[in-house]
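Asker: Listed here are the chains, written in short residue letters.
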Amino acid sequence: MDDSLRELYQEVILDHSRHPHHYGALEGASHVGEGYNPLCGDRVKIYLTVDSGGRITNITFEGKGCAISQASASLMTDALIGRTAAEAERLMGGFLHLVKGEEAGGLADEDRERLEAMAGVSAFPMRVKCATLAWHTMKSALEGGDAAKSE
Amino acid sequence: MDDSLRELYQEVILDHSRHPHHYGALEGASHVGEGYNPLCGDRVKIYLTVDSGGRITNITFEGKGCAISQASASLMTDALIGRTAAEAERLMGGFLHLVKGEEAGGLADEDRERLEAMAGVSAFPMRVKCATLAWHTMKSALEGGDAAKSE
Amino acid sequence: MSAHAKITAFDPVAARAGFAILGREVYGRPLVYLDNAASAQKPRQVLDAMRDFAQDEYANVHRGVHYLSAASTERYESAREAVRRFLNARAADEIVFTKGGTEAINLVAASFLAPKLQPGDEIVLSVMEHHSNIVPWHFLRERQGAVLKWVDVGDDGSLDVEAVEAAIGPKTKLVAIAHMSNVLGTVAPLKEIVKRAHEKGVPVLADGCQGAVHEIVDVQDLDIDFYAITGHKLYGPTGIGALYGKRAHLKAMRPYNGGGEMIREVTREVVTYADPPARFEAGTPPIIEAVGLEAALAYLSALDREAVATHERDLYAYARESVRRFNWLKLIGDAPGKGAILSFEAEGMHAHDLATILDREGVAVRAGHHCAQVLMDRFGVISTTRASFALYNTRSEVDALVAALAKAQKILG
Amino acid sequence: MSAHAKITAFDPVAARAGFAILGREVYGRPLVYLDNAASAQKPRQVLDAMRDFAQDEYANVHRGVHYLSAASTERYESAREAVRRFLNARAADEIVFTKGGTEAINLVAASFLAPKLQPGDEIVLSVMEHHSNIVPWHFLRERQGAVLKWVDVGDDGSLDVEAVEAAIGPKTKLVAIAHMSNVLGTVAPLKEIVKRAHEKGVPVLADGCQGAVHEIVDVQDLDIDFYAITGHKLYGPTGIGALYGKRAHLKAMRPYNGGGEMIREVTREVVTYADPPARFEAGTPPIIEAVGLEAALAYLSALDREAVATHERDLYAYARESVRRFNWLKLIGDAPGKGAILSFEAEGMHAHDLATILDREGVAVRAGHHCAQVLMDRFGVISTTRASFALYNTRSEVDALVAALAKAQKILG
Ligand SMILES: Cc1ncc(COP(=O)(O)O)c(C=O)c1O
Ligand SMILES: Cc1ncc(COP(=O)(O)O)c(C=O)c1O
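Chains as they are written, first to last, in the working numbering: chain S, -2 to 148; chain W, -2 to 148; chain A, 106 to 518; chain H, 106 to 518.
Hints in this document: simulated from the structure, not taken from any laboratory. All values derive from a computational prediction rather than experimental measurement. Treat the hints with care, since some could be wrong.
Said to hold, decoys possible - Keeping only pairs whose Cα atoms sit at most 20 Å apart, straight-line, the calculated SDA-like set for lysine to any residue is:
1. H/515 x W/16
2. A/512 x S/11
3. A/515 x S/55
4. S/97 x H/182
As the list claims (entries may be wrong) - Quick list of the computed label-pair ranges, beta carbon to beta carbon:
5. H/250 x A/186: 38 to 46 Å
6. H/406 x S/106: 55 to 63 Å
7. S/102 x A/118: 29 to 37 Å
8. A/149 x H/274: 54 to 62 Å
Here a beta-carbon is modelled for each residue, glycine too, at the ideal position from N, C-alpha and C.
Build the full structure now, drawing on both the sequences and the hints.
Answerer: Laid out in structure tokens, this is it:
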């Protein structure tokens, strides 16, 4: 099998996509964002709660999509819960670099390790949008903005 | 000089274009037609009188145009004055064949001789419209139809 | 000629030699190109014709008296005649060159229908339409209050003439139907649809972007009002398509784009327009592309097209049979007489994941909504995976597809 | 670098080697192609790029995840970036691919101006416009009651910024001006026009179909709102052009054609649209042509464009000087700083007769109204003869033109 495929569809990705963490609606969410990938029609909805100190106390997501987008959303919830908005911002930036195969400067070592599984996407430029959909949606939810799309 | 050019711009053509026969408006014309060549913007106006027996007793023309279109109009007036509408129709058909380099079946020998000077146009497909403008206009004037265009 | 003789009258393996790209590899594996409904590859004859023309005879058309301009004009008008012949239109002036199939349909919406549309007027279209045969009508809904009447397809993807007829009412101003669906492969019963619509005085436009590639089209026999084609699916170049329109319609229509070539006379105060087809061809047309399209139609027409169709249907039947072993694979579209398009949903596997894995095996298929979101809704899916076949595909390529699907299942399943 | 050094930095004779067609004969004489304002010939690089791409990398763009589709998409978007660079636009999403210059202007008329136009609103344009920058505005006059305000040119063909400013009133909604006239060669003082128009809050569209070929364009420096170009005059393929539009304008504009790729979501009831530039690129775009256009821009950009401009101006000056001997020849358009276009009337000789005779001498010029009838009216002529120069023309070709003119005089004079 093609190495980059093995890299892309590695066990941890498939696990996350089959059994996503924090899946479902979140009652009493303080922020909600909706994302749409016009390329494939996939959608994602992100719910989150930010406490008075600006810390993200919970994140959940809903939606259907490919293994990449599902795993990415699932990994994202793990990575961002407990962060401040500013920390989340930096992490999101680092993630975008990671999946584009660029130098992911903004990531602390443990974050990089946690998200490393998504790095395989960089060998599949047409799939980068799948990986970033949830993250863009998260960003726009945090900013209270419009529905994101992965374009 | 190129033979086909000599053929096209032969003396009789240049003579007709410089000193066109039956040039000007015709008072009391029974039919009038206007022709327009959108390719170059040239116009021609044909006046004619048809008597009660259906014979064309007079034709004149006005307008500006290239040597080919002017000569063709001038030659046409000579050729058609005195003909019945039906005769004119046949002659016009023959002329169209002539300038396209096709077998000009419908032409009597003397008509063919008279119009032969225009046969050189057939080597210049882009100029056939110049040669036929007056004739198409004549036809539409006879039929009492719309302004002709040479298309 | 018997059906068997027809098959042997076309040899796909020999045909492949004319398509250099089919000999290439991707990721070290032989390319298996099964994305033909999106766009077909172009035979050497098309590329040669375009290059030779550009290198030897090119100039702008229509407006010049010089040699190259005359030569170019002749080639351009000869391409129009080739399209006329291909569709069996009555006259070449019923053929309008466009930039593609999409523009051809937009032209009908803007120049034929828009000027006479009243709020509440209805346009009948099917749920299997490509966005190119939906959005122009949505424009008329948004801007002029038109009402879109949707004709459903059966669960097997078949389109029923009775359903079309039932959707036609006293306010219907146009029926707009794909000759062949780019997802289901369904071939619409066009002739019968036209007959029923005409009985009610309603004109019919066919989106022939797929249909013209795989069916033999005779617009006179169909008695259809408008028929749109696109060059790049017909083994021709991008940047060109054509609209067939009955002369009486075209004559009555207002222009589409404004510019050079489509006018009769322009002054500061007024403008008058040229006759069709020039009226609808503003500006410098796709000249080199027209030459390429003529070469593509010549290429197609030199083949035994019945034999090609038989070959393509055989590929579909073989593929359909071959994927039976995958119980996780659900076909979408299986109407009788359908074209060689295999669309499916894969249980537990997303179309994009599947397509990515197939791609690394060298197998190019499409995943997504295929510009047919209304149809996706109809079948309750977000996207499908689609393998679409062309004349140069072979049974062994079907085998490669099947092997790649098995691999995908191993990875994702 | 001194002006002299710049001249030597471009060698037209060497450049000719890249254009196979320039080596051919017509009627047994060497071709002297002086119809470049109608369309330019294409260098080998352009033809190679198109062919190589079609033969090796072609598939439809955007919608596929497979290798060829990704490669194609990359090439297509790289072409967009090349246009951005060529015009120095801020961002690539300000570049919309069209089928040509004419469509680019129509797009602005239909999607930018039409939706906000009230009866009586005014559009300012000059009498030297090409029909492509007249008829779209006539449409708005016919259909929505717009008023066309015409800016005259001087007797030498020059366009005065004061005259443009004077035509702008409180009801002016757009100024639409050719960057360079295709008949007069006049170069409009675009930057100053934009400045004056913006002071009055009026946006400006430039028809750059000629201007972009001969001038170095910087849309940011010009601060212009829209700039239209066409591929085939830029030594590129037919079937493609582009519109630059400021992002804020494009974002606010409604779509043009409807179809695939320009949507966000389509249902039976509604449709939502993609962001620019996709919003304006319905259907399969001219993909192979975009690759060709990128090659053409690369070709141009690799040259010392100042040196090319100097060479072209030298050709014009030489031609102008050379035809002085013909007292029957009356130049039309002789504004300072004009481009290399020699238009003239010949006393006692009709332009078409002249062009026919020149043609048989191998000299390709244009005769007619050049899609500029309003300008013909302005100068009281029905048509002109036009010799228009490109980078590959030479002084000896000017000599050939002059010799052919002398011959024409002998035949017709
Ligand atoms: C000044 C000008 N504007 C617009 C156009 C139209 O360009 P196209 O015919 O490529 O659409 C032309 C050329 O024909 C032109 O010279
Ligand atoms: C059925 C159908 N209609 C219309 C189109 C649009 O054709 P084009 O993209 O060439 O304009 C396509 C292909 O994209 C199609 O498959």
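Asker: Each of the hints needs a verdict: does it hold here or not?
Answerer: Checked hints:
no., hint, verdict
1, H/515 x W/16, "holds (18 Å)"
2, A/512 x S/11, "holds (15 Å)"
3, A/515 x S/55, "violated (35 Å)"
4, S/97 x H/182, "holds (17 Å)"
5, H/250 x A/186: 38 to 46 Å, "holds (41 Å)"
6, H/406 x S/106: 55 to 63 Å, "violated (45 Å)"
7, S/102 x A/118: 29 to 37 Å, "violated (53 Å)"
8, A/149 x H/274: 54 to 62 Å, "holds (59 Å)"
Consistency with the previously given hints fails for numbers 3, 6 and 7, ordered from lowest to highest.
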